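Here the protein sequences come in this chain order: G and P. Each step along the first sequence adds one to the number in numbering that gives the first Met the number 0, with nothing skipped, and position 28 is 27. Each step along the second sequence adds one to the number in numbering that gives the first Met the number 0, with nothing skipped, and position 619 is 618.
A hint or two may mislead.
One copy or two, either will do: identical chains are not told apart, so a pair holds if it fits within one copy or between any two.
Cross-link-like lysine-lysine pairs, in silico, BS3-like; alpha carbons within 25 Å at most [to be verified]: (1) K353 with K260; (2) K264 with K451; (3) K170 with K353; (4) K463 with K428; (5) K331 with K260; (6) K170 with K354; (7) K416 with K376; (8) K416 with K264; (9) K535 with K264; (10) K331 with K428; (11) K354 with K535; (12) K307 with K264; (13) K416 with K307; (14) K535 with K260.
Since the hints were made in silico from the structure, they are not lab data. Since the model is a prediction, treat every value here as computed from it, not as a measurement.
Protein chains: 2
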Amino acid sequence: MTTRGLEPGPGGADGRVRAIVDAVRPAVDGGRFAIKRVVGDEMEVEADCFTDGHDVLRVMLRWRAEDNPTFTEVEMVALGNDVWHAAFNLPSIGRYLYTVVAWVDHFASWRHELARRIEVDDIRIASQVGAMLIDETAQRAVAADRRALTSWAVKLRRTAEGAKADAEALKALALDETLAALAARYPDRNREATYPVELPLVVDVHRARAGSWYEMFPRSAAAEPGRHGTFADVEARLPYVAELGFDVLYFPPIHPIGRVKRKGKNNTLEADATDVGSPWAIGSAEGGHTSILPELGTAADFRRLVAKASDLGMDVALDIAFQCAPDHPWVKAHPGWFQTRPDGSVQYAENPPKKYQDIYPFNFESDDWLGLWRALKGVFEHWIGEGVMIFRIDNPHTKSFAFWEWVIGELKREYPKLIFLAEAFTRPKVMHRLAKLGFTQSYTYFTWRNTKRELVEYFTELSKGPGREYFRPNVWPNTPDILHEQLHGGRRPVYVSRLVLAATLASSYGIYGPVYELLEGIPREAASEEYRDSEKYQLRHWDLDTAGSLRGLVSRINRIRRENPALQDDWNLTFCGVDNDQLIAYARQTGDNVMVIVVNLDPDHAQSGWVDLDPHALGVDEAAQYQMHDLLTDERFLWQGRHNFVRLDPARVPAHVMRLRRHLRSERDFDYFL
Amino acid sequence: MTTRGLEPGPGGADGRVRAIVDAVRPAVDGGRFAIKRVVGDEMEVEADCFTDGHDVLRVMLRWRAEDNPTFTEVEMVALGNDVWHAAFNLPSIGRYLYTVVAWVDHFASWRHELARRIEVDDIRIASQVGAMLIDETAQRAVAADRRALTSWAVKLRRTAEGAKADAEALKALALDETLAALAARYPDRNREATYPVELPLVVDVHRARAGSWYEMFPRSAAAEPGRHGTFADVEARLPYVAELGFDVLYFPPIHPIGRVKRKGKNNTLEADATDVGSPWAIGSAEGGHTSILPELGTAADFRRLVAKASDLGMDVALDIAFQCAPDHPWVKAHPGWFQTRPDGSVQYAENPPKKYQDIYPFNFESDDWLGLWRALKGVFEHWIGEGVMIFRIDNPHTKSFAFWEWVIGELKREYPKLIFLAEAFTRPKVMHRLAKLGFTQSYTYFTWRNTKRELVEYFTELSKGPGREYFRPNVWPNTPDILHEQLHGGRRPVYVSRLVLAATLASSYGIYGPVYELLEGIPREAASEEYRDSEKYQLRHWDLDTAGSLRGLVSRINRIRRENPALQDDWNLTFCGVDNDQLIAYARQTGDNVMVIVVNLDPDHAQSGWVDLDPHALGVDEAAQYQMHDLLTDERFLWQGRHNFVRLDPARVPAHVMRLRRHLRSERDFDYFL
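Isolated chain G, as found in the complex:
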C-alpha cells in the first residue's frame, strides 16, 4: 500500500501542488473501515489543511454515494489552528465516500494581501497583478459572468495605470465584494491537492441507532399452560408487546430442533420424548436454517405475524445461529463443511473440558469455504424474503471475521436497511473488530457494569471514545443466557433501576421477557447466570397480569424514549457529579430536548444527594428557576443554579427520568412553563 508513485517529484505528480490535506476525520483505521451514521444526520468532517508561506487556501469537502461517481462539494471553513470544517445532511441510507481537496487560491491570496497594502504604488502594481488574475478567471467563467469579470479587469487595469490613481478608490474597486464572490466561483483548480483516501461511510435507518427490543420465546406464548406456543399465539400477544412500547420483537431461532443428543430441561444430557430441546440446536429431518419448526406454524403463519407486527409499528428480528444439530440436513449433504474426527464422526463443539455434543460448528477452513459462505448468505436471503430485516447474530466471534465482512457487505449493498446485532460477549478488541467490519450494533458489558464508577467509565467510553464512530451499543439488563446476580431473587427496585439505566443510558436497549417484567429471577444454582427452568430447554407459561408486573413502567419508559429525541442519540450523554456514590446522574440533550436522569443504585435504602448541572450548557439562565418534570411519576420539581437536591426511595421509585422545562421570562404569560 505504498503511495510513492503518487508523490510529487521527478517521475511523480506535479511538484507545483502546494496545498496539504492531512488527517481527514472522522475515519476508522485510515479508511479501512466505514464510519456509521443514520439517515438525516448532519455529517461533520474536519481536516488539517495548510500551505507553505502566507497564501490563502480554499478547501472542499467532497462526498458521493458509493455507486455514483459524481461528488457533491461543500466549501470548508477554517476554524483556526489549520483545522477546516464542513457538514452536510445525509439524505438517504446506503454507502457513501468522502474526502477533501484543497488548493492554493491565487485570487484569494491576492485579495487578502491587497487589503493590507497601504502605499499607493504598491496598490497600483497589485491592481495590475489582480487584473491579470481576473482576466484568467474570466476565461473559466460562463458568458455573462465572463463579461462582468472582463470588464472589471479592464476597469481595474485602466484605473491602476491612470495618472492620478487614488489609493482608496483603487483599493475599493479591487476589493469589490460582489465581483470577488463572482470570481470565487471560477477558481483555478489545476494544482489541487487531494487527500489520498476516499473514506467510507455507512448510513443506516434510524432504528439502527435507536430502538427498544423485546425478546421472547414463541413456544411459551400459548394462552394455556402446557401447550406448545405457535406464531398464532404470538400474534395474539402482539398488542401486549405493542402496549409495552417496543419497536423490535426478537425471537430465538424458530427452526426445527435437532433430536440427536437433544438436551433435556435445565440443560441435562438426557432428554425424554416430551422435551422440546434448545432452539439453538438447529436442524432435524424437518429442515434446517431456512425451515420453521412445525409446532410453531407455517411460513404463511410467520409472514402473517411479521405483517401484523409491522401494522403495530414493530419489526420482527430473528436470531441467526450458524451451527447445526447432528441431524441437520447439511451434515449429510455437506460433510465437508464440518470437521471430522479420526473415527469418521463429526467434530462437535467443545472448549475442553466442556463439550457440546448437540452442536456441530461449521469449519470455516473447509475446502468448500466458498460454498459454505454462499449457503449461509442464502439463509439471510431466505428470511429477508420472508420480511425480516433485523438479525441478531449468535456468537459471531466464533465464526470467520472475513465471512462476516463479506456477507454483511454484500447483503447491505442490496438491502441497506438491514440491521445486524452482534451477540459477541467477548474481549474488547474482538467486539470492536466485528463492529468495524460491518455489524450495525453490538451487545455490551452493561449487564456486568453495576456500580456508579463502572457505569460512568463504560458509558463515557461508549459515548465519547473513538469507537463510537462504528460501535453502536445495544444494552440488555438480562438475556436468556445472563441472569446477573443482581437480578437473583427478583427484587423490584433492582429491576426498575436496571431497566431505567438500560433505557436511558443507551439509545438501543432490550429486555428478555416476560421474565423481566414479571421479576422472574431464580437461578439454576446460587452463583449461576442461568435461569432455573429456562425457556431455552422447556416450555414455560407466563401470567402477564400478575399484580407485581412492571408492564406499566416499561410502557411508560418506552413512551418517554419515543417522545424524547435526546434519548435517541448515544453521543449526547454527560454524567453529572453527585455527592453520593449510590446515586448516578446524567444529562442528555438534543436540540431543545433536555433529559436529566437520576438513579438510586441502592435497592435497600433511600439515598439523597446534590446533583451538579451546568444550567448554561443546558440552555437555562443560571439565575432563573427551571422545572424538572419527572416523566415516570409526573412529579415536578423547581430547580435553580448548579446544585440541586434529590432523594430517591427504592420502596417507591428508585429513579427520576426528568425533562427540563424552561421557565418563561415574562409574568404576563398565563402558562408559566413551556
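Assemble the complex: chain G is given as a structure, and chain P must be docked to it using the hints.
Chain P only, in chain G's frame:
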C-alpha cells in the same frame, strides 16, 4: 487507496485466512510517514491480533532494510487483551520497513486443548488428531527433525490406539515439551494474515537525537575588533567551543552577500560602503549558494575548518536559506525561478504591509519547478561534498512541502547520516508536517515557554504525545532572531536557569553565542526580540574572557549531558510535583542512570519546597536513604522517601542537576555510595 481486491471473498483472497492483524504500532498516519529512531535503539512494536473462537495464534513481527527484500522475523508475545509485542535492535542507520503477520496455528491449538482434556477417550482421539498434525509438520521439516517428528507421530498414534492407553502417560507423550518446540519450528503458514501496510522507519545517527549546538557568526571571530573574521579565526576559536563542550558548531550562511538593497546596521534600509549586510541576503557577483564569501576565506579554508572541528569531536552545521539577494547569479540565469511583477521587476519577499526588498523568494510554482528542485538539491550535494552533514534549514515552512519531502528523502537515501533541523517557528500542524515529511529535528516553542505550567505542558506533549514518533525537539534559549524579553538586561540567574532547562529538558539544545555566555541582552527596542547592534547586520567583537562569562557553567552542563545517558533520550522525562510554582522539578531515567533536576524560575528570590519523587520507580528502596549528587556544584544531599526539601538561591546557583546514587545495603563496605 482501496484494498477491496485484497479482501477475502469470492474473487478476492483465500477466505480461510482467519487470523486478524490490526493496529500495528507505532505508525504515523497509517504508514504514510516514517517513524524515527536512532541506531542501537530497541525498536518495540505492538499489534492487536486475534482470531475467531478459541484457536491459538502465532504472530511474527517482520522487518527489513528498505533495500533488502528479505524480512527478518521476531516472534511476538501476547501481553493480554489481544495485544502482541516484540522488539528488535536497530543495527545500523538507514530506512527500514516493518509489519506483522499472524496465523491460526493448528498444532498449538491442538496442544492447548489437549492440556485441558480429562477423559481418556477424549485424550485418545485427540492424540490421533495430533499424530496427523505432527505428520503434516514432519513433511515441512528438514531431515533429522523430520525423522524425530515422524517417530513421535508413530509412537503417539500407536499408544493412542493401544488397548490399555493410560490417560496421564498418553497426555505426557502428546505434550512433550522438546518435541513441541521442534514442531513449532515448522508451522503451516499457508493461511497467514499479513497487515496490509509495511510501515516505514528511519534510523538516524545518535546525534540526530542528542547533541549540544553552538551558533556563532564567523565574521565576528576575529581576534581584534573591527576586522572581518575568517575561517582561520574560527579555527583559532575551536578550542574554546570544544572546551564549552559542544557537539555541533553551526554557522549562519557563509555565502557572498548581496550588494543590491543591502541592509545597514540594525536592519536599516540604507547601507553605507562599510556595511557587511545580512548573511541571509544570499548571492552577489561573487557567487551564490555554493560559493563562500571571500572575506571568510576559501573553500580550502572551510574544508580545513571542518576537519579541525572534527578532530575536536565537533560537526560543522550550515544554514541553508533558500532565497536570493537581487544580485544572486540565479536571478539573471534563471528568471523563471522567481515571480515577476507587471513592470518586469522580480517580486521581492513581502507580507503586506511589510516588505523585504533585499530578498527574492523562489517561486515553487515555476514552470521550471523541476529545474529549481534539482538546483536546490545540488546546493546540499555541494556542501555534503565539502564535509557538511548537518543542515539547519531557514524557514522551511515558506517553501513547498512536496519539495522538502522529495529532497530530504532523496538525500537521506544516499547519505543516511544527514541531519536536517527545521527552523520553522510557526503553527503546530505545519511544524508537525515538516517533521513527518522528513526533517530530522525541529526548533520548538521553548523560547516562549517560561512558567512552570507552560514548561510542564509543552515538554509533556513533546516527550509523551503521539508526535514524539517523528518530531524531535531542539531547544534554544536564544537565537539571532529571538532575544526573549526574559533575557533583556542580561540577568545571570535567568541565563543560568534557561540554560539548565534547555540542556536538561531536551536531548538536543543549542545556544547562540558568544552573546549567551556573555549575558548580552540588549534589545533594539524595549519590546523587541531583536538584539541591538545584531551580528545579523554588522561585525561584533567579543571578549570571551570577561569575568562574568558563563563558560564554566556551560562547559560543566555539557559534560554532564555527555556523561549521563538519561539526558540523551527525550522520552524518559517525568515531571515531579513541587509545592511551589517557582520551582520546577523533573526526573529522567535511562537504565541505572537517574537524573533529577530542580530549577528555580524566580530570578529575584530564593525559593524552597518539597519535591515529590517515586523512589520505587527510580529503583530506590522507599525506606532507604539515597544520595542526590548535584553535578553542577558537587554538593551531595541525603534524601529519603517520597518528599524531599530543596532550596535554591538565584544569587548562588538557581538549579540542581543531580544524579541519584543508591546507598549500599551493607555496613561492611568502605565506600558507602556507589
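What are the numbers of the hints that this structure violates, sorted from low to high? The structure conflicts with hints 2, 8, 10 and 12, although it agrees with all the remaining ones.
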